[in-house]
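Work out the full structure: start from the sequences and follow the hints.
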Amino acid sequence: MREPTTHPEWQPRVVAFLCNWCSYTGADLAGISRLPWSPAVHIVRVMCSGRLDPTFVVRAFRMGADGVIVSGCHPGDCHYQKGNYKALRRVHLLKRLLADFGVEPERLRLVWVSASEGGAWAKIANEMEATVRRLGPLRLEPDPRRDEACIAYETAPEAEIPPGPPFSKGGAEVSSSAERGVS
Amino acid sequence: MKDKAKLALYWASSCGGCEIAVLELEEKILDVAAAFDIVFWPVAIDFKVKDVEAMADGSIDLCLFNGAVRNSDNEYMARLLRAKSKVLVAFGSCAYEGCIPALANTRDPATIYDWVYRDSPSTDNAEGVRPQTANTVALGGNGNTGTVELPVFYDTVRTLDQTVDVDYYVPGCPPQAHQIQAVLETVIDCLQNGKPLPPKGAVLGAGDKTCCDECPRERKERKLKKFVRPHEIIPDPDLCLLDQGMVCMGPATRSGCGGLCVAVGVPCRGCYGPPPNSLDQGTKMVSALASVIDSQDPEEIERILDGIVDPIGTFYRFSMGKATLGRALGARIPEDGAPSS
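Respectively, the protein sequence lines represent chains A and B. Sequential numbering of the first sequence, starting at 257, is according to the numbering used here. Sequential numbering of the second sequence, starting at 1331, is according to the numbering used here.
Don't read these hints as lab results, they were simulated from the structure. Among the hints, erroneous ones may be present.
To be verified - Short derived list, chain B residues pointing at chain A, Cβ under 10 Å:
no.: 1; residue: 1384
no.: 2; residue: 1388
no.: 3; residue: 1456
no.: 4; residue: 1486
no.: 5; residue: 1555
no.: 6; residue: 1614
no.: 7; residue: 1625
no.: 8; residue: 1626
no.: 9; residue: 1638
no.: 10; residue: 1640
no.: 11; residue: 1646
no.: 12; residue: 1655
To be verified - Below, computed lysine-lysine pairings styled on BS3-like, alpha-carbon distance capped at 30 Å:
no.: 13; chain 1: B; residue 1: 1334; chain 2: B; residue 2: 1416
no.: 14; chain 1: B; residue 1: 1556; chain 2: B; residue 2: 1525
no.: 15; chain 1: A; residue 1: 338; chain 2: B; residue 2: 1539
no.: 16; chain 1: B; residue 1: 1556; chain 2: A; residue 2: 338
no.: 17; chain 1: B; residue 1: 1378; chain 2: B; residue 2: 1358
no.: 18; chain 1: A; residue 1: 379; chain 2: A; residue 2: 338
no.: 19; chain 1: A; residue 1: 338; chain 2: B; residue 2: 1555
no.: 20; chain 1: B; residue 1: 1550; chain 2: A; residue 2: 338
no.: 21; chain 1: B; residue 1: 1336; chain 2: B; residue 2: 1358
no.: 22; chain 1: B; residue 1: 1380; chain 2: B; residue 2: 1334
no.: 23; chain 1: B; residue 1: 1378; chain 2: B; residue 2: 1334
no.: 24; chain 1: B; residue 1: 1525; chain 2: B; residue 2: 1553
no.: 25; chain 1: B; residue 1: 1530; chain 2: B; residue 2: 1550
no.: 26; chain 1: B; residue 1: 1416; chain 2: B; residue 2: 1525
no.: 27; chain 1: B; residue 1: 1553; chain 2: A; residue 2: 338
All C-beta atoms in this analysis are idealised placements derived from N, C-alpha and C, irrespective of residue type, glycine included.
Given below as structure tokens:
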């Protein structure tokens, strides 16, 4: 959890939510290509940038992040067609909300990184670390109850999912929808 | 006949609406009076704080505590009633999640004092008088003096459960009468028939879906090019208000009120708090609103978002006390905890 951030040995922490299809693969490429990029950036893989609930971002800030990157496929390239546009709208609105809270909107950055852009990812990660170093640690009023709520949210038991149809039927439906996806 | 259960009601930093909501039980209030001895209820019955102080710990069976904790007096009463009560209920939005008082957490106390005692257009305070926690005044004309004390104004408005241990929560601004009745009946059922109470920490007197679930309007999942404010349009009586461009908090709000506001053409303001399993009402609303904007162009999105006036005050109108990010960070928080005026 967030410790006092006036410590002289403070190091920035950036949480990056990367979509599975483009950006995570792009970051992977940066690694395979032996490109050095900031160790301050910690990656969380999500299936799509459109999966990003804005709650994830505020929770990352509450739990110790000084900056957050959201990265998806380039416009028009989304694996799920429109998820990255959803992320675009959310981040624009969320930045306004962060400003209202007194959090510098630059602490949240939305970028597009394709699977072939390892270099772009390395550059973005380094830039974000520099941005956060310039802004300094994110100062949130310490509040153990809010921290507890964040942890409880993380560890809450999954809602009970009612049993689905028999496996054979489900399997048939999956394959037919997969075919539709290919065509 | 054995003693009746003891009931206490108290208001801390609140508007009094929750108290009126209890009276809205109408003739059912007689059932409450039949089942409970009301031992403390400043708004209606003349008991004093010293009467509560004199009670044994745990001697009140049920305490409905409404209002946020804004100052030292609120905190004293919260701690006192916690000690004296077996079951303490955070009753209403202020006690549950801060409500309107907690919107003050977007500013620091100095800014609030400057506005209230100096800058607001209706202020006439040429001497620059500010509230003092202790003030010496002359008593009579014979040179005697006495000290008048005011509670300490806290930096941060806190919810009841950020101050003391809370057993149950009843959301709503105010809680609706039929829900209050349901909560009281649950407790009466426990006392009289030995039925078990819900698990500690439960939200009582509310649904487990969103306000949209109770809304009588038809949703067509329209996409929006523009947000409108309530005074700018006369809404269609049958269609979803969000579809019509109003910022309606329904998708990010717990059900339970019966859709009162939306039924009369007023967008939901979010008073029943976040739905179950969501951490933060405001970011839930960001998520929902971003989905209805019809644009893929950053500049156009910004133009559309300009139509949402005051995002923080809209999305956290009732839940600022529980907002994940906490209070405004730009605000300087003095070390000693006293207002820096």
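Has the given pair, residue 1378 (chain B) with residue 1334 (chain B), been kept, meaning a C-alpha gap of at most 30 Å? Holds. Residue 1378 (chain B) to residue 1334 (chain B) sits at ~20 Å (cutoff 30 Å).
Should the hint that residue 1486 (chain B) touches chain A count as held when the rule is a Cβ pair under 10 Å? Check passed: Cβ of residue 1486 (chain B) comes within 7 Å of chain A, closer than 10 Å.
Measuring from the C-beta of residue 1640 (chain B) to each C-beta in chain A, is the shortest one below 10 Å? holds, 8 Å
Residue 1655 (chain B) was flagged as interface toward chain A. Is the shortest Cβ-Cβ separation under 10 Å? holds, 5 Å
So, residue 1456 (chain B) near chain A? Judge it on the closest CB pair being under 10 Å. For residue 1456 (chain B), the interface hint is violated, since the closest Cβ of chain A sits about 32 Å away, which is over 10 Å.
Taking only the CA atoms, is the gap from residue 338 (chain A) to residue 1555 (chain B) under or equal to 30 Å? holds, 17 Å
Distance restraint between residue 1556 (chain B) and residue 338 (chain A), which requires alpha-carbon spacing of 30 Å or less: holds, 20 Å
Given the hinted pair residue 1336 (chain B) and residue 1358 (chain B), is their alpha-carbon gap at most 30 Å? holds, 17 Å
So, as I understand it, the hint says residue 1614 (chain B) touches chain A; can you test that by seeing if any CB pair is closer than 10 Å? holds, 7 Å
A closest beta-carbon separation below 10 Å is what the hint needs, so does residue 1388 (chain B) meet it against chain A? Result: violated, 24 Å to nearest chain A Cβ.
Could you check if residue 1626 (chain B) really has its C-beta closer than 10 Å to a C-beta on chain A? It holds, given that the least Cβ distance between residue 1626 (chain B) and chain A is near 5 Å, below 10 Å.
When you check the alpha-carbon spacing of residue 1380 (chain B) and residue 1334 (chain B), does it fall within 30 Å? holds, 22 Å
Hint check: violations occur at hints 1, 2, 3, 5, 14, 24 and 25; the rest are consistent with the structure.
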